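Trainee: Single-letter residue listing:
There are 2 protein chains.
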Amino acid sequence: MAEENVVFVGKKPTMNYVLAVVTQFNSGADLVILKARGRAISKAVDVAEIVRNRFVPTLKYGNVNIGTESLQGEKGDTNVSSIEIELRKE
Amino acid sequence: MAEENVVFVGKKPTMNYVLAVVTQFNSGADLVILKARGRAISKAVDVAEIVRNRFVPTLKYGNVNIGTESLQGEKGDTNVSSIEIELRKE
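For the protein sequence lines, the chains are A and B, in the order given. Be aware that the first sequence starts at 2, since it is given in our numbering, and climbs by one per residue. Be aware that the second sequence starts at 2, since it is given in our numbering, and climbs by one per residue.
Bear in mind the hints are in silico, worked out from the structure with no lab data behind them. It is possible that some hints are incorrect.
Since the list gives no way to pick one copy over another, a pair counts as held whenever it fits inside one copy or between any two copies.
[Unchecked claim] Computed cross-link-like contacts, DMTMM-like style, restricted to lysine to aspartate or glutamate with a CA-CA straight-line distance of at most 20 Å: (1) K13 <-> D78; (2) K13 <-> E75; (3) K61 <-> D31; (4) K61 <-> D78; (5) K36 <-> E85.
No experiment lies behind these values; they were computed from the predicted model shown.
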């Protein structure tokens with residue numbers, strides 16, 4: 002079975018996450034899953050495209066899942082969109 | 002053949018695009034494609050989730066395609082990530 006490695010994309014610079022994904026592929030992973038919420042979704046897509054175009058040309062996208070997560074905040078619950086992008090090295 | 006309707010998500014408020022999508026489904030469309038680039042990608046995901054959770058419960062996601070587009074700017078070409086989200090009413 003392929004190893005599953007998850008990278009959560011947040012507020013750090015884009016290249017930090019690119020490096021994290023590339024490192025996992027270089028460690029032998031076949032599948033890396035990028036997860037992000039809210040405004041970080043755009044950054045997760047950037048990370049995926051930079052990895053594919055510059056570092057791992059054999060990369061293919063697997064499922065791209067979109068959903069909503071409920072966050073508990075001080076002023077009550079808020080809903081935030083989320084994305085999961087499967088990256089597969091062939 | 003299903004009608005193809007495209008909604009480009011940009012800088013307007015999220016609910017403008019939600020309304021555009023809902024209007025197309027109410028006009029008889031089976032398939033609406035949301036397209037966005039750069040930072041608007043997060044907004045496109047929000048639009049999709051709001052339409053699905055609040056307005057069109059029978060909505061299913063079709064393909065979600067990720068890519069890179071080259072934009073010609075004053076300071077030369079820049080690459081920007083893009084997304085296409087297929088929304089299908091069943």
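Trainee: For each hint, tell me whether it holds in the structure or not.
Mentor: A quick look at each hint next to the structure:
no., hint, result
1, K13 <-> D78, "neither (25 Å within a copy, 25 Å between copies)"
2, K13 <-> E75, "neither (24 Å within a copy, 28 Å between copies)"
3, K61 <-> D31, "within (11 Å within a copy, 28 Å between copies)"
4, K61 <-> D78, "neither (36 Å within a copy, 25 Å between copies)"
5, K36 <-> E85, "both (5 Å within a copy, 18 Å between copies)"
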